[in-house]
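Colleague: Each chain is listed here by its residues.
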Amino acid sequence: MGKTILVVDDSASVRQVVSIALKGAGYDVLVGTDGKDALAKLDGRRVHLIISDVNMPNMDGIQFVTEAKKLAAYKFTPIIMLTTESQEDKKRQAQAAGAKAWVTKPFQPEQMLAAVSKLIAP
Amino acid sequence: MSFSDDAAEALDIFITEARELLEALEEGLLSLESDPSDTETVNAVFRSAHTLKGSAGLFGLNHLVSFTHVVETLLGHVREGEVRATPELISALLPCADHIAQVVAGVADGRLSASAAEEAAGAALLDRLAPFLPGAFHAAAAPVLPEAVVDARGWRLQLRFGPDCLRNGMDPMSFLRYLGTLGTVDRVHVDDSALPEGADMDPETSYLAFEVDLLTDAPKPEVESVFEFVRDESDIRITPLAASSYVDYIEAMPQRDRIGDVLLESGAVTPSEIDQALRIQRERSLTVPIGQVLIEEGLADPAVVEAALTRQRKVADSRSADTQTIRIDASRLDRLIDLVGELVIAQASTTMAGDGLEAQSEVTRLIDEVRHSALSLRMVPIGMTLRRFERVVRDVCVDLGKEVQLTITGGDAEMDKALVERISDPLLHLVRNSLDHGIEPPAERVRCGKPAQGSLRLNAYHDAGNIVIEVADDGRGLDRDKILAKAVDRGLISGSASLSDAEIYDLIFEPGFSTADAVSNLSGRGVGMDVVRRNVAALRGSIEVESVRGHGAVIRIRLPLTLAIIDGFLVGVGPSSFIVPLDRVTECVELPPGPRGRDCMNLRGEVLPFIRLRQLFGIPGESARRQNVVVVEQSGQRTGLVVDALLGEFQTVIKPLGPLFSNLKCVSGSTILGNGDVALILDVGPLVSEHTDHERARQAPIPVG
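Protein sequence lines correspond, in order, to chains Z and W.
Heads up: the first sequence begins at 513 in my numbering, then just goes up one per residue.
Heads up: the second sequence begins at 363 in my numbering, then just goes up one per residue.
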């Protein structure tokens, strides 16, 4: 069984492309449309890595990371934030919340895969 | 990536998204033409271009990225106020939007890179934009990292990971494994000298350090980037294995830092000063902000850096604030809710058909879910409406010379958008009323031993399928005797009537009632509490007052969550059907046989007046042999409705009555049953009070004069 990655982004195309890239690399993928949805999707499930956008409706990425880190099951789960060049401060906030890794938008699927494989094996 | 079927599907999504973004872009540009100073539109236009570029990058559509990048940069300058959105600029930008649309159409046709014609057209358009761009700008210069040529055999890495790296989900082994993808890991030495003895060791802490020799052609930045996620907390040194000529590539790789950009653009520092600061920052520690480095090295004035930081924060704040909401075309939602209404009717017809119970229950469950999710689309938090009263309270307090602290709780309770809009006026009236009549002037409050500052509390919460909104103050409370006297004076009640407190308080909602001796221009705007109650009732809600003399009053509005569908109770009278809103129904009993005289019966020792619907609506024919009574409750008063048949609960889709029937009391709407028949929805409030008045008139002696 492959490792499971949760992808959280409010843009359908980002979710789709990232999912395809990750599935192609042999990972199982769960998707969430925003922080709230993602928390519901986690639901104690075994997830090896979380990829989350920052700006999302309902619950933004920073809040989502903060909440997820509070849950024992995801205390040590590596988290990649999707940031943009102009969001250095958001990135810092995310790091403070426990999301130490990031990929800067716009990114190519290869960049995403590289970041993922720095953190976990397929 | 290759464009497999899945990817093609993703590309479809992108194209749809891109078209929407382009529409928004064009619309925004056009409205900017008429109002160039509208910052919200400028933001929206910029974001459209920015998002478009971001998504295009994801698909490797570099021609789209590089073109859109220039447009985005220019719009960025407009947003920062450095370039004015003149009609000339708009006329130069609009064809760019058209060009992007064309390229997107090309992508939709399967062309994933620019054709020669597109390239030429794009270059011509960018040339037209060039005069608007401040400073030297290289067309099509999307941020590209400089290519570095390296002449080293490889690198020696000394890695001491931060003690918390495991806790952060960062596994050192994983990075070492990834390092292997850059070249050959020639030698790994593990330094476990920091590892404590047995009991002192914390398994969650990282103690190990590594020395790795990596044979590779990869330049230093690339090797360094392997550890970018842990660089902040770890000590990482990368030195060339071969001590040959080696360039510090960091110098060649300017960090894209907003602060730096801001300072650069404002002319406060030069690019070389920024590079110098970045180098120093890198040598020391990345956790030191670049601004601090600039100040410490005497490269920039602290005040300038502070200003730049503030601006950066402001930009980020505004961006996060306006992405929080989703705008949905209300008419589309209305349509969806209409459709769901039809679905519910279709489901009702299968229930009536009788067979295939299991299939039916599934359909019922599904439809229930669809109903909930569809309605939730129109649910909005009430907080926005409540927070608007902050301003009202402040203004009114200034007018009246009162001090009032407004507290809002439960602002995230959600309700139907249509309801939120229509409840705002009645609420405004209640708030003004509390401020005007409820809360005393500071001097009087102090005399009564209360704090000079009054308190007004708006609270919203969900309760059994309803939303409750409370307006509570800690003022005088209602004056029972004064209300009573006034009601007698106005002829609303007879002097001898004995009423409970609740009944007395309820009188303030009667038409023509006002306790204020002098009508101030605040509450006395020609609308009394009766109008508030009428408005609330029109939303199928109820209102009640609770008050303790001298300690304040709470006015509680109870509303259904939505207007579109209610849970009803279906009853039959002869050939006609009626719906009684289920939340009004308390119980059903059989009508005891007896003489047809007075319309009341004994319900567990209490007198229950009832209304014969057959008589009320003039339905011809004989009543059934066994009749039933549906007991409904309205403002604490119970009344029976005599019907022939109890047909059970029924999810009722409300169809409003035509304008011809707008004056009809007792009936609030209609619905269509599964068999196509129309049933009227009874409006219990007016039905009961109408009847009670009628009864009272019949029983009481008619006053002379």
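FYI, nobody ran anything at the bench for these hints, they're computed from the structure.
These figures come from a predicted structure and were not determined experimentally.
One should not assume that every hint holds.
Which residues of chain W face chain Z? A few of them, derived with a C-beta cut under 10 angstroms, are [to be verified]:
1) 373
2) 413
3) 495
4) 496
5) 571
6) 577
C-beta atoms are modelled at their ideal positions from N, C-alpha and C, and glycine is treated no differently.
Colleague: All the hints need checking, so say for each whether the structure fits it.
Modeller: Quick rundown of the hints versus the structure:
| no. | hint | result |
| --- | --- | --- |
| 1 | 373 | holds, 8 angstroms |
| 2 | 413 | holds, 8 angstroms |
| 3 | 495 | violated, 18 angstroms |
| 4 | 496 | violated, 18 angstroms |
| 5 | 571 | violated, 19 angstroms |
| 6 | 577 | violated, 19 angstroms |
Comparing the model with each earlier hint shows violations of hints 3, 4, 5, 6; every other hint is respected.
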